[in-house]
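Asker: Chain by chain, the residues:
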Amino acid sequence: MAALTEEQTLIRDQAEAWVRDEFPVTKFRAMRDSKAAGAIMGDAWQGMVEMGWTGILVPEAHGGSDLGYLTFGLVLEALGKNLTASPLLASALVGASALRLAGSEAQQAAVLPGVVDGSIILSLAVDEGARHNPAQTACTATAQGDGFVLKGEKRFVLEGMSATHFIVPARTAGAPGEEAGLTLFLVAADAAGLSRTGLSLVDSRGYADVTLDNVAVGADAVLGEVDGAFPVLDAVLDRARAGLSAEMMGTAGQAFTMLVDYLKTREQFGRVIGSFQALGHRAAQMFTDQQLARSCAEAALASIDNDAPASTVAEMASLAKARVGDHLHLVSRELIQMHGGIGMTDEYDAGFYLKRARALEATYGNQAFHRERYASLLGY
Amino acid sequence: MAALTEEQTLIRDQAEAWVRDEFPVTKFRAMRDSKAAGAIMGDAWQGMVEMGWTGILVPEAHGGSDLGYLTFGLVLEALGKNLTASPLLASALVGASALRLAGSEAQQAAVLPGVVDGSIILSLAVDEGARHNPAQTACTATAQGDGFVLKGEKRFVLEGMSATHFIVPARTAGAPGEEAGLTLFLVAADAAGLSRTGLSLVDSRGYADVTLDNVAVGADAVLGEVDGAFPVLDAVLDRARAGLSAEMMGTAGQAFTMLVDYLKTREQFGRVIGSFQALGHRAAQMFTDQQLARSCAEAALASIDNDAPASTVAEMASLAKARVGDHLHLVSRELIQMHGGIGMTDEYDAGFYLKRARALEATYGNQAFHRERYASLLGY
Amino acid sequence: MSTATSAAGDAFRESVRSWVEANFPPELKDQPASMEGAGDGDLAQALERWRDALAGQGWGAPTWPKAYGGAGLTPAEARVISQEIGRAGGYNPIPLMAGMGVTMVGPTLLEYGTDEQKEKHLPGIASGKIRWCLGLSEPNAGSDLAGLATKAEDKGDHFALNGQKIWTSGADISQWCGALVRTEPQAPKRDGLSFVLLPMDQPGVETRPIKLISGASPFCETYFNDARAEKSDLLGPLNKGWSVVKRLLQHERASQTSARGPGAGGKSESLYAIAKRYAGETADGKLEDADLRARLTRHLMDAEAHRLTAERIAAEAKGNVEVSAAASIMKNSATSVSQTRSELMIELMGYRGLGWEGEAFRQEELDTVREWLWGKAISIYGGSAEVQNNIISKNILGLPETTQKG
Amino acid sequence: MSTATSAAGDAFRESVRSWVEANFPPELKDQPASMEGAGDGDLAQALERWRDALAGQGWGAPTWPKAYGGAGLTPAEARVISQEIGRAGGYNPIPLMAGMGVTMVGPTLLEYGTDEQKEKHLPGIASGKIRWCLGLSEPNAGSDLAGLATKAEDKGDHFALNGQKIWTSGADISQWCGALVRTEPQAPKRDGLSFVLLPMDQPGVETRPIKLISGASPFCETYFNDARAEKSDLLGPLNKGWSVVKRLLQHERASQTSARGPGAGGKSESLYAIAKRYAGETADGKLEDADLRARLTRHLMDAEAHRLTAERIAAEAKGNVEVSAAASIMKNSATSVSQTRSELMIELMGYRGLGWEGEAFRQEELDTVREWLWGKAISIYGGSAEVQNNIISKNILGLPETTQKG
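Protein chains in written order, with my numbering: chain A, 1 to 380; chain B, 1 to 380; chain C, 1 to 406; chain D, 1 to 406.
The hints are simulated quantities; they were obtained by calculation from the structure and are not laboratory data. Keep in mind that a hint or two might mislead.
Calculated cross-link-like contacts (lysine-lysine; reagent style DSBU-like; alpha-carbon spacing at most 30 Å) [what the hints assert, rightly or not]:
1. A:264 <-> C:211
2. C:246 <-> A:27
3. B:264 <-> C:394
4. B:264 <-> D:394
5. B:264 <-> D:189
6. C:394 <-> A:35
7. D:286 <-> C:286
8. D:211 <-> B:264
9. C:286 <-> A:264
If you want a taste of the chain C side facing chain D, the calculated C-beta under 8 Å gives, among others [stated by the list, open to error]:
10. 290
11. 291
12. 294
Virtual Cβ for every residue (Gly too), placed ideally from N, Cα, C.
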């Protein structure tokens, strides 16, 4: 872990204790088994609001603490460990970032206090196909009177059932595939013409497909510049990717802890299996990989806090998402393999980590997407 | 090894015995240390001629035995084991294949008997840059009178110093990068305007750069069709690649044998190191990989013998060259690593295998080249 | 390399073909194989007719002696039968209906069984009427079978079994079970084990299905509470069950090397077409996702190398279904090809490759997800990848014994 | 994350900068560092002047106490000195001139040496005038130092050494050697070893350079025939040499984690530019070889991850040059980055990356080949990759002892 301030250490320790004591994986299991609509773990959300996590990225003027992305990452890492399901990342990181980067002072004042007190839940509805590709946005926003009419489909929207408002990139000009011509809109979930359908994915989180069937919005729904949203959308997504990498480090970290614990206790052939050198070396390589991946995740968060140029943040975010994604993939697969048969059973938690790993990998661009982006950013 | 005929078994056993008894790696070392021009191991070439290996791909009418590529592969595999250096592949496989596939009956009658008795040594002078790319051929052949004048540079020509004749693809039409417009020429090494310079590469073989400075040749120097040589050149190269894969299996096989022998005898920490499970598992994975690679090499040779369609031969040849290349790479690296310090010394043979592996990989297209080609052949 | 087919072979193939034409129920054409057979009424009846017709020929286990329900054919002839049935759009349901009977229990019985045992058990397997399961693993003995704890106490004419087995595939629908049990508690770990056969329909046997990460499964936990196995159903000598099971597992590996399931073979040939559909293609027809394309190519090469190796091993063995040293290699290779393919499928499908249930997803998308998850077991069961590597390094390469005793 | 530089720090940096400006011989600007120092006459003289100037400040080993030739500075201040010298286009030649002295022998002497030993040996190291080598490995004890056979017999006031060492880097040009020798033949393997210091210029010591697969090398075989080491030059307690050397090797690992050489760092930033030059680029500026490009990206990401990890570890340690548990991780990561980079270089250069000698190749191409071959040693020396993985699994992860005793 990076060299932390006293305040950061306090927040991390609090988050880790809360997750450990209040939200063991049994709570995730219970939520999954109940198939709760929106897939928010009951009392988790209120607890997060109370601890002030929803305000970490919100300016003090709007009721937040403005502590920055590395701090937010510490909380997300703790939550990732026991798979705590909530709209924290979608609303208080991605949504709040969009408002701060693109919203006017009035828009921020109208929305951010609600994000902090948990009454507003934001979600960025960006993907339209099964694979992440913001430039391919086809959803249209046609000018009508003072405002716009939105038409299109947004797929696999994170926390789509629990969101009270969506941030919707839509095309005011240009054609799918072009970066120019996009505009961001803030759309209430209960707007006329908006409908949503919950989806059941392997990780049991609250995804939804959102249909915009001629949804009329006013001019004040536009976040930032008309036609020129791509750079700010990309910046918001890079913050999302960096934050997600921190959550993924938590998920991978817990999986690795479970794996090492098992190696220390499971006996086969009259020996604890961790004493088999082939397994020990694989564990050592995973640990080395973990250290490298952690550095990438932290560097991405820090680059945002340090106001690094957008291109640097983009490089770091893609590096983190790809490198941590590979790490999580490795560890979650080995978690099953080293557990053997027991790891295959639904009774055991290992499968949750494998499933969640793949969903996290796919979100906001998978490893292949970010390796390609990294190469393009470096210019080869 | 594939199910062999009695004759094939005999030839293989003879080749293996010859290599083991007459050409241990010490002979390769002596040749390297002497920096012999042309890098043919003294008496090896005459021995090969006597055993009839130079005629394995030559029709009986021209003094050969016409036993096919799988049989030739058995010999090459044996030669690969102890790094026996000779122009056998360049002349009696690549050169003979070019004559058979592209040469007229008269041309075959003029050249092939010399290939069989060793008095003619052929070499395909194809590459012009550091990386294999036949379509990029820039060397020109301009019509003049009945014949042509060749101008250009051929680089890293196999056995370029010992060759008596070169088979030269040159451009009679089109531009570098295009497959159309190539023609094959048979050019004597002592032709006016042809000069060559020996190169010292890591594997101590006889490469040369060949310069064609307005070399005039007659119309009878054209092998096959004017302007339309690319398909036949590709077919010749696929035979070269399949044959090379067999040689590479031999080199990798011997490296693996050395590795396993070392694991069985070297002691560290009071135990034979092969008893360390981490090393044992790596050896097991190498052995598995060896079996897979062998199948590809044999299938490529067999597809030629079975007159499979050119596209199938191309697929199999690329599969073999890529897959065997990866295998050889893995084994030659692990050979050094598992030997530790001793493997790093020039006194020990391990380094020869590492160096030869990289040269073999680069020849007629490396793994990346053939993976790309395989994908293109399959159509994605 | 050329396969010269003899005249006799051609005649045999023709006779098989006309028999299949006459007997294969047309309603079964291109029906998917499933472990439970066709669920539907009409299809189930057709399947039973088909099973009985095959059994009548001795083709449920064609290489077994006629006396035991087989047809006394060569492995090459058996392959002709499979090919001809496949040609007609069908499959042989008996190996599926018999559970572990045809592939594992039968061959082991042929080798170790007494004449009475063969007469008693083999015909039921060869006819597909008796389904067998195997009681090998236990919760505390996964890869390490020598650590088994289930006891079999000598009660004169029978053994009384007490303990728990796990991963007994199909135990809840099987009629018989082959179980590895401890008959000599004092002996060193693998010396006191015996292999017994027992009927599942008895008060002392209880089964509980196991839910897996991929959902419902054929696996069970099986509990023995004074379960009864007759002395006459002891297979092989007393306290020599280890040798019997080693052989049994070799038969298992041999049957697993074909990389069926979500792995190699026919399906993987069009993997890049699926990839193009989900990930798009460039103007010149290449897969849009260059990084994925590079890994896809490596996978397709590995899959082809695996297929060629299976062919090569078969050719080298000249048609004998010898349980060879190659089994461990092929098991690991098949596993790797199969799991990599699943991972690539999930990746290229993006979110559509992460659906658990619901109408938002196509059935084949949901199937792909379940196959991906289920496929994680392939490197665990039937001797884990690690166990296979131990076998290769020790038995094939001759590396010295590791500290491990497995 | 912000590095608030204190006012005091700024003042120190300024004083260093002006000292360097005044003392750095301009003819040494941007000269390459080499183990032997500049070969040429004028440059050699300038280098000696520069060495003596640095030594006068105690900056050969700035963190050592002033009493022993150091400057008593903090690690942070030492880094400022390095940075300022680098800024002027120079480097500090003393750590190179002292062989293993500054990086390994010195820190160990500071920890284990008596006051007399420190006084006797440290100033020579800190001034760059005495070059040290280490006699650790032997032909039959590579990764397993506990298996050493070189004996040191007690002769009253001195030990008589007999045996053979290998991989003694720079032995043929060193003045002193630190050697791990067996002083108690009866004791269990690692209990009977002692660490002694001895001068190389004596009749009982012979050296023979070792030729490597990459050509000539700094390594030697070193033979002791009744070589003499004074009793007063025994470092640490008798028969406790194992602990001394363990510490010594931790210092070695700490000095190796920076992935210098052909590996990461500045050079790798333009690897793709080199790749484009050799392999070409597409119309839209991508590397022509798509398969290579995909692997290059993974490598560049790994290299950047390694660099960030080195930074992170330094930040977490708050500037202390603590020999940390991270050393094994960083050693393996640095090795992997460095070797992968070399392999990629060789691959992308095609035949031009396979030249051994001759005018057909550019010097940097030939250097790349030699670096590739030499680089294979990085995963072997200083504790092989396997030994590091043992350390990580046992000491860091706390996995139970394997059968191995190392």
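Asker: Are the hints correct? Go through all of them and say.
Answerer: Quick rundown of the hints versus the structure:
1. Restraint check for residue 264 of chain A and residue 211 of chain C: the C-alpha separation of about 26 Å stays at or below 30 Å, so the hint holds.
2. Our distance criterion of 30 Å between C-alpha atoms is broken by residue 246 of chain C and residue 27 of chain A, whose separation comes to about 43 Å.
3. Of the supplied pair hints, the one linking residue 264 of chain B and residue 394 of chain C holds, its CA atoms being roughly 11 Å apart against a limit of 30 Å.
4. For a cut-off of 30 Å, the pair hint linking residue 264 of chain B to residue 394 of chain D stands: about 25 Å separates their Cα positions.
5. Among the hinted pairs, residue 264 of chain B with residue 189 of chain D is consistent with the structure: their alpha-carbon atoms are about 22 Å apart, no more than 30 Å.
6. For the hint pairing residue 394 of chain C with residue 35 of chain A, the CA-to-CA distance comes to about 49 Å; that exceeds 30 Å, so the pair is violated.
7. For the given pair, residue 286 of chain D sits about 15 Å from residue 286 of chain C by alpha-carbon distance, which is consistent with the 30 Å threshold.
8. Between residue 211 of chain D and residue 264 of chain B the CA atoms are separated by roughly 26 Å; this keeps the pair inside 30 Å, and the hint holds.
9. Pair hint residue 286 of chain C plus residue 264 of chain A does not hold up; C-alpha atoms about 47 Å apart against a cutoff of 30 Å.
10. With its C-beta approaching chain D no nearer than about 5 Å, residue 290 of chain C sits inside the 8 Å limit, and its interface hint holds.
11. Satisfaction of the interface hint for residue 291 of chain C is found here, the shortest Cβ-Cβ separation to chain D being roughly 5 Å, below the 8 Å cut-off.
12. Taken as an interface hint, residue 294 of chain C checks out: its beta carbon lies about 4 Å from the nearest beta carbon of chain D, inside 8 Å.
Violated hints for the displayed structure, listed by number in ascending order: 2, 6 and 9.
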